[in-house]
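Enquirer: What follows is the residue order along each chain.
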Amino acid sequence: MKKAFEIIDHTADIGIIVYGADVEELFSNAALALFSLITEPKSIEEKSHLNLKVSSEDRDSLLVEWLNELIYFFDAQHVLFNRFDIESLTHNELKATCHGEGFDPMKHKIKREVKAATYHMLKLDKNSDGYRAQIILDI
Amino acid sequence: MARWQGQLIKMDDYHWKIPENYKSGMRVPGLIYASKEMLESICEEQTPEQVANVAFLPGIVGYSLAMPDIHWGYGFPIGGVAAMDIKNGVVSPGGVGYDINCGVRLLRTSLSEAEVRPRINELINALFLNVPSGLGSEGKIKVSQKEMNQLMVEGAHWAVKRGLGSEEDLDVTEEGGCLGGADPSKISDKAVKRGMPQAGTLGSGNHFLEIQVVKEIFDSHIASIMGITELGQILVLIHTGSRGFGHQVCTDHLRIMEGAVSKYGIKLPDRQLACAPIESPEGQDYLAAMACAANYAWVNRQCIAHWVRESFSTIFGKSPEKLGMRQIYDVAHNIAKIEEHTIDGRKVKVCVHRKGATRAFPAGHKDTPRHYKEVGQPVLVPGDMGRCSFVAVGTQKAMSESFGSTCHGAGRVLSRGAAKRSIRGADVIRELESRGIIVKAESIPSLAEEASQAYKDIIEVIDVVHHAGISRKVAMAIPMGVVKG
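If you read the protein sequences in the order shown, they are chains A and B.
Using my numbering, the letters of the first sequence map in sequence onto residues 1 to 139.
Using my numbering, the letters of the second sequence map in sequence onto residues 1 to 485.
Excised from the complex, chain A in its bound form (with noise of 0.2 Å):
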C-alpha cells in the first residue's frame, strides 16, 4: 500500500506530507498525520463520533481550516480521533465523520501539543498517481 503521509522537517516546526489516491483520502490521511504527531493513533479507539462541517473561501485553505478544526476539538474538548470519513467535499465545503476517543492520560501519550496548521509553503497538487499536500505545523 501506498505511505499515507511523511513528516518533513522545518526549523522551529513540523511539515507534513500527504497523499491520497483522490481529495478524499487526501484530507482523511491528513487528520490521521495530525493525530499522529500528538499520540500514537494505535492507542486511540473508537469510541464515539463527531460530526463537523468546515468551509473555506478555496480548497487549499480548506485543507488548512479542517486541521485546526480537528486542532480546536482536540485541545478544547480533549477529543482524539483516528478514523474519519469525508462524507462531502467540494472546493470550499467539507463534511466528515471523525471517530475517537476523549483524552485519557493513562492511556494515550501526548508527544507535543500542535498549535495550528498554517498557510506557510502550504501547497497541493494533483498529480498521475492521485493528490499530494504539504502543509507546515506550528508547535
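Heads up, some of the hints might be wrong.
Stated by the list, open to error - Taking lysine to any residue pairs in the SDA-like style, the calculated list, with each CA pair at most 25 Å apart, reads: (1) Lys111/A x Lys190/B; (2) Lys267/B x Ser56/A; (3) Lys193/B x Phe103/A; (4) Lys2/A x Gly417/B.
Said to hold, decoys possible - Pair by pair, the computed Cβ-Cβ distance ranges are: (5) Ser55/A x Asn21/B: 34 to 44 Å; (6) Lys47/A x Glu37/B: 52 to 62 Å; (7) Ser400/B x Lys2/A: 55 to 65 Å; (8) Lys146/B x Ser55/A: 27 to 37 Å.
Treat the hints as calculated values from the structure; they're not laboratory data.
Since this is a predicted model, take the numbers as computed values, not measurements.
We put the CB at the ideal spot given by N, CA and C, even for glycine.
With the hints as your guide, set chain B onto chain A.
Expert: Structure of chain B alone, referenced to chain A:
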C-alpha cells in the same frame, strides 16, 4: 533546503544589509544583526529571504530587521522586527506569531547555590506538581466565561487582585502586565473554549521553568538595581505564553486577514504574511484581540510566578518575602505594539511587530519602569537548558536603530526532527545530570527536540547585540533545575 544565495552588504562586523533592490517589491532594505560566523548558519536556510519578504509589507519604515537568533519561521522569520507607520501601514498576525505574548519572567531570591543544591530534587518535584503544564493537569484556577472576559481586559492585574502576586510585580512587567485596547467581543467562542481550561498552565514545547545560578556579573551597578548582588545567587526563570487561547486568536484572525489581503489589494510574496491596514476594521479587530491574548499570557505568568513562590516557601519553610523572591522583570517576545519612534529626525507612530524579539527601551524612556529609569529596561534572554541565560538592558542605540528591540533567545539551528534523530531524550537527561542540571519533563522523547545541540550558542547571540550596541549585558546565569511541560 537550499542555501540562500542572495546579496548581503557588510556595514560593519555586526550589521549586514539586504539591499532594497535585491527583490522587486521591497519597500525598505533588510538588516541582519550577526557575526560573520553566525551569518554562515543563517544563510544555510532561506531565512534572509523571509527578511526580504517582510520588506514588501505596506507602510514598513526603516529596515526589515533580524536579530542574531533569527531562524526560519512561517512568513516572518523568528527573530524578526518590523515597524509600520500607523497611517499607511499594515498589521500582520504572522508578525506576532501563534503564541501571542510568549515571554519570560525572571524572579530573584536571596538563596545561594549552597542552600538550594541539596534540595534541588525536592524543589523541582514541587514545581512540577504545583505548576500545571497543560493537558490533563488542569484545575489549579477555574476560570468562568465571565472571568475570562475580565482577565482579557485586566491582564496580570486580574491575578494580583485574586492574591496571586503583588502590585510590585506589575510595576516590573512590560506594559504593567496589561495591554490597552483589549476587546473581548473580538474573541471567538472557540478561543474562549481553548483558553478557559488552560489559564495558569505552562504548556509544552520550548516552554519551561528554570532554577538558575548567577555565574557572571558584567555590570555590578545595574545588576544591584535588579537585586542581583552576588555570584551563586539563585534566580527563577518562567517561559510561557498565551497557550491555545493565543493560538486560536492568531488562527481566527489570519483567516480574516486572508480576505483583507484581496479586499485592500495588498500584494504579498508569501500567503502567511497576510495582513490588513492598521486603521482598517480588520486591523483594529486583530489588535484588540491580540491585546486580549497578550493579557491572558500575563495572567499566566503571574499565576505561575505565584506558584513558584509557594513551592519555594514550602520547601524552605519561609515566606516568599523572607526568601527575597521579588520579580526582576517580565518581557513579551511575540507582540505588536503601537509606539512612537524617531525616523529621519521625525517622530512617527508605528506598529512595531516583534516576533521572537524583545523590547529594549533605554534609560529615561517614558515606558521604562520607574525602578529601572536610570539604567534601562531589563531584557531577559533565555538560552537552551544546557547552556546559560542572560540579563541585559535596553540602550539608546536600540531606540535609534532597532525600534527599541533586541534578541529573545538562542534560536534553533536543528529542526525538531533532526534533533530527535540524533539525540535521545533519556541521554539529554543523563548528560545534563552529569553537569549538575536536574530536568523533569512531561514528555521525555520531546526533550531531545529541546537539547542544547538544537540551538545556537546563546553567548554568540548576546555578544552580537552587546557589541552592536542594541543592548548591554548585565549578568549571566546557568541552569540548576529545569521543569518542562
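Enquirer: So which of those numbered hints doesn't the model satisfy?
Expert: none
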